[in-house]
Amino acid sequence: GNSVTQMEGPVTLSEEAFLTINCTYTATGYPSLFWYVQYPGEGLQLLLKATKADDKGSNKGFEATYRKETTSFHLEKGSVQVSDSAVYFCALSARNNAGNMLTFGGGTRLMVKP
Amino acid sequence: GAGVSQSPSNKVTEKGKDVELRCDPISGHTALYWYRQSLGQGLEFLIYFQGNSAPDKSGLPSDRFSAERTGGSVSTLTIQRTQQEDSAVYLCASSLQGSGAGSLVETQYFGPGTRLLVL
Numbered sequence: 053g054n055s056v057t058q059m060e061g062p063v064t065l066s067e068e069a070f071l072t073i074n075c076t077y078t079a080t081g082y083p084s085l086f087w088y089v090q091y092p093g094e095g096l097q098l099l100l101k102a103t104k105a106d107d108k109g110s111n112k113g114f115e116a117t118y119r120k121e122t123t124s125f126h127l128e129k130g131s132v133q134v135s136d137s138a139v140y141f142c143a144l145s146a147r148n149n150a151g152n153m154l155t156f157g158g159g160t161r162l163m164v165k166p
Numbered sequence: 002g003a004g005v006s007q008s009p010s011n012k013v014t015e016k017g018k019d020v021e022l023r024c025d026p027i028s029g030h031t032a033l034y035w036y037r038q039s040l041g042q043g044l045e046f047l048i049y050f051q052g053n054s055a056p057d058k059s060g061l062p063s064d065r066f067s068a069e070r071t072g073g074s075v076s077t078l079t080i081q082r083t084q085q086e087d088s089a090v091y092l093c094a095s096s097l098q099g100s101g102a103g104s105l106v107e108t109q110y111f112g113p114g115t116r117l118l119v120l
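Chains as they are written, first to last, in our numbering: chain A, 53 to 166; chain B, 2 to 120.
The hints are simulated quantities; they were obtained by calculation from the structure and are not laboratory data.
Hints may be right or wrong, so weigh each one.
Said to hold, decoys possible - To give a feel for the contact side, a few chain A residues facing chain B, derived at Cβ under 7 Å:
id : residue
1  : G95
2  : L100
3  : F156
4  : G158
5  : L162
6  : V164
As the list claims (entries may be wrong) - Taking CB as the label site, the calculated pair distances span:
id : chain 1 : residue 1 : chain 2 : residue 2 : range
7  : B       : G72       : A       : T122      : 33 to 39 Å
8  : A       : T103      : B       : Q42       : 23 to 29 Å
9  : A       : Q97       : B       : L118      : 20 to 26 Å
10 : A       : R119      : B       : G41       : 26 to 32 Å
Just so you know, even glycine gets a beta-carbon here, dropped at the ideal spot from N, CA and C.
Use the sequences and the hints to build the structure in full.
Dropping the structure here:
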């Protein structure tokens, strides 16, 4: 079956530090890949997505590149801010009987200190 | 426009009682998904609706769980004879189509969730 593995948190960084959150996946076929973010007290929001190999998704300074050869979709940001503190979920979508249901990783909590 | 809404936002119930959770998707979205977010299991898929029908119910954890959707809009998730392990945040999401050639790139829009605590 499909699965997503992401690095466990929490990840604690100082403001303006470089961020990497690793994500690897296992899937049949050619899934789409997503990063969702959950800010404290809020619901899940789509951060970025990529639909085919070598695509790069980007939003709010975050980037992730769909690497088929390494089955990875690592999230990066060059300079984090306190407001980026949240839980980040890597996910994939693969067509099956359940439409485009999302399979999520376990989530990584990011804490950015001033 | 309005996003996905869920009610109640919080629910505390006693073990053995039945609960109903409600989801109002974004107007016009034909696909609706239920997920569960719990400490031990992370985010897991429960059930998917395309219109009013649910092609895949295999994600429901037991036969105590059921869901329906009427009029292609509102959905209710019912948990009968609740157990303590049912305590979790139940999330609903909707997307425009859910199937078809463009569906893999569709964004699923999530509601704020219902936090269920079974005592």
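Structure-based check of each hint:
Contact between G95 (chain A) and chain B, as hinted, is supported at the beta carbon level, the nearest pair being about 4 Å apart and thus within 7 Å. Hint on L100 (chain A) is violated. Least Cβ distance to chain B is approximately 11 Å, over the 7 Å limit. Against a cut-off of 7 Å between C-beta atoms, the interface hint on F156 (chain A) holds, since the closest Cβ of chain B lies about 4 Å away. The criterion of a C-beta within 7 Å of any C-beta in chain B is met by G158 (chain A), whose closest approach is roughly 5 Å, and the hint holds.
Look at L162 (chain A): its Cβ only gets to about 16 Å from chain B, farther than 7 Å, so that hint breaks. For V164 (chain A), the shortest C-beta to C-beta distance to chain B is roughly 23 Å, which exceeds 7 Å, and the interface hint is violated. In this structure the supplied range 33 to 39 Å is violated for G72 (chain B) paired with T122 (chain A), their Cβ-Cβ distance being about 45 Å. Range check, T103 (chain A) to Q42 (chain B): Cβ separation about 27 Å, and the 23 to 29 Å hint holds.
Roughly 25 Å separates the CB atoms of Q97 (chain A) and L118 (chain B), a value that falls within the hinted 20 to 26 Å. A C-beta distance of roughly 30 Å is found between R119 (chain A) and G41 (chain B), which places it inside the suggested range of 26 to 32 Å.
In summary, the structure is inconsistent with hints 2, 5, 6 and 7 from the numbered list given earlier, while agreeing with the others.
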